[in-house]
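Visitor: Below, each chain spelled out in residue letters.
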Amino acid sequence: MSLDLPEPDFSLSEVFYLSYSNIKRRFFRSIITALGIILGIAFMAALLTNSLILDWLQTESGVEAYQYWLVGISLIVAFGGITNSMLMAVNERVKEIGVYKCIGGLDSHIVRLFIVEALLLGILGGFFGAIIGIGMGIGINLNRASLDELTVILEANFSTLLILFSACILIAIILTSLATYIPARRASKLSPAEALRYEN
Amino acid sequence: MSLEEFVVEIDDVHKEYTLGKVIIHALQGISFKIKREEYVSIMGPSGSGKSTIFNAIGGLDTVTSGEIYIDQVDIAELDAYELAWLRNRKIGYIFQTFNLLLAFSAQENIEIPMVFAGVPREERRKKSKHILNLVGLGDRARNKPGQLSGGQQQRVAIARALANDPAIILADEPTANLDLATGLEIIGLLKKLNEEQGTTIVSATHDLKMISISDRIIWIRDGRVDRIEDRADIQVDAMS
Ligand SMILES: Nc1ncnc2c1ncn2[C@@H]1O[C@H](COP(=O)(O)OP(=O)(O)O)[C@@H](O)[C@H]1O
Ligand SMILES: [Mg+2]
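Residue numbers (the numbering used here), protein chains in the order written: chain A, 2 to 201; chain B, 47 to 286.
Certain hints may be false.
Stated by the list, open to error - Pairs of lysine-lysine, DSS-like flavour, derived with a Cα cap of 25 Å:
(1) B:K190 x A:K96
(2) B:K81 x B:K238
(3) B:K79 x B:K136
(4) B:K190 x B:K81
(5) B:K237 x B:K136
(6) B:K81 x B:K136
(7) B:K136 x A:K96
(8) B:K175 x A:K25
(9) B:K238 x B:K175
(10) B:K238 x A:K190
(11) A:K25 x B:K190
(12) B:K255 x B:K81
(13) B:K237 x B:K175
(14) B:K81 x B:K67
(15) B:K190 x B:K173
Unchecked claim - Taking CB as the label site, the calculated pair distances span:
(16) A:Y67 x B:R167: 52 to 60 Å
(17) A:R198 x B:H60: 15 to 23 Å
(18) B:K255 x A:K25: 35 to 43 Å
FYI, nobody ran anything at the bench for these hints, they're computed from the structure. Ideal placement from N, C-alpha and C gives every residue a C-beta, glycine not left out.
Throw the hints in and build the complete structure from the sequences for me.
Guide: What follows is the structure, given as structure tokens:
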């Protein structure tokens, strides 16, 4: 069957507007989701900053094995926290996906709406998580070195910190998008009737 | 009689739901046709299969067997993209629970189907305003669903259903969540759209208030068409 349909035009500005409205309307829920991301990223950033500073301070043995463990664990915590937040956020909204499908939304439209929302939350959560985490990572070393010492070291390694900061945001974005894409894609594949009667 | 007269044709439709090992035969060979500009009520007791028919005609769920034509298009042959187009342009849906998007104002709820249809912004604004006036909510354009009563939300849902000038409006128990007076208002509005705009309306319902305004009533029992009554028959029935 060919109905000879034109490509629909679902411009980026429309997508952003719809996603932004959803975040705004679900403000407190969005804040909770963002907090989940912030916590995960902050924990990871704090541990990474701490091990970097220990390295820079040239504690005799350099970075110790347990530091690698901690970094590994922090990545897992960030991963778990963020995926959990995002999975829940999508799961709560399967009915809404059903509504979008009933009024003519394509699966790809719907997934795009959710991904843009995840991106916005990921950037926000990554940014604040990185600031808080790096700040804490520096803070916990104040008993190991004086403020002056730390300042010198941090200034000397500023570019590394900047990379860490960007990496945190990047990881937040990747994790939130992935943890949104997979369930949103799956939910958008449901028939509208199935999606509408979905109970969390 | 030309084929084009029928907006909906369904032929020997079966639907089975599987719940674990149990198979539920929700529809057991449903056939009927609906003419353009008709107002048809699908009536029957709870569990008789009305919502399943609604989902089948609306392309909202797959059926086990049988054929469904909307505006001469066999919906079984449509791919996902074409089905979305059908839902967007050819059919407007009204639900018992309204199913509005809560993040958006009344006007935006009407505009979103137009966004999916690629209607330019200016035209969307104008048209959604016009439809809101038509359903009597011209002054509530900026209100979110949470700020509207049940009856007003259902009006928004009706307005949304009209957004892309569908060939047919499908409703599933549109008055079931409303009190008597509000239900009557909604029925009156649907009838007005049917008479003044020529909108074809098919409504699943067990609300007897719908009987008097329907052109035809399709009575469903245990997943089968029990009988189909014309308005003339109904009046005869009522008198005898
Ligand atoms: N998703 C489902 N899974 C299993 N059984 C269902 C489902 N939806 C409906 N049914 C069954 O199909 C029959 C018809 O249901 P439905 O179409 O909802 O009736 P009505 O709308 O007339 O109340 C009922 O026996 C109901 O229990
Ligand atoms: Mg029902």
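Visitor: State for each hint whether it applies.
Guide: So, going through the hints one by one against the coordinates:
| no. | hint | result |
| --- | --- | --- |
| 1 | B:K190 x A:K96 | 18 Å, holds |
| 2 | B:K81 x B:K238 | 17 Å, holds |
| 3 | B:K79 x B:K136 | 16 Å, holds |
| 4 | B:K190 x B:K81 | 36 Å, violated |
| 5 | B:K237 x B:K136 | 19 Å, holds |
| 6 | B:K81 x B:K136 | 15 Å, holds |
| 7 | B:K136 x A:K96 | 22 Å, holds |
| 8 | B:K175 x A:K25 | 24 Å, holds |
| 9 | B:K238 x B:K175 | 18 Å, holds |
| 10 | B:K238 x A:K190 | 37 Å, violated |
| 11 | A:K25 x B:K190 | 13 Å, holds |
| 12 | B:K255 x B:K81 | 22 Å, holds |
| 13 | B:K237 x B:K175 | 21 Å, holds |
| 14 | B:K81 x B:K67 | 39 Å, violated |
| 15 | B:K190 x B:K173 | 18 Å, holds |
| 16 | A:Y67 x B:R167: 52 to 60 Å | 58 Å, holds |
| 17 | A:R198 x B:H60: 15 to 23 Å | 20 Å, holds |
| 18 | B:K255 x A:K25: 35 to 43 Å | 39 Å, holds |
In terms of the numbered hints stated before, the structure departs from hints 4, 10, 14, listed from lowest to highest.
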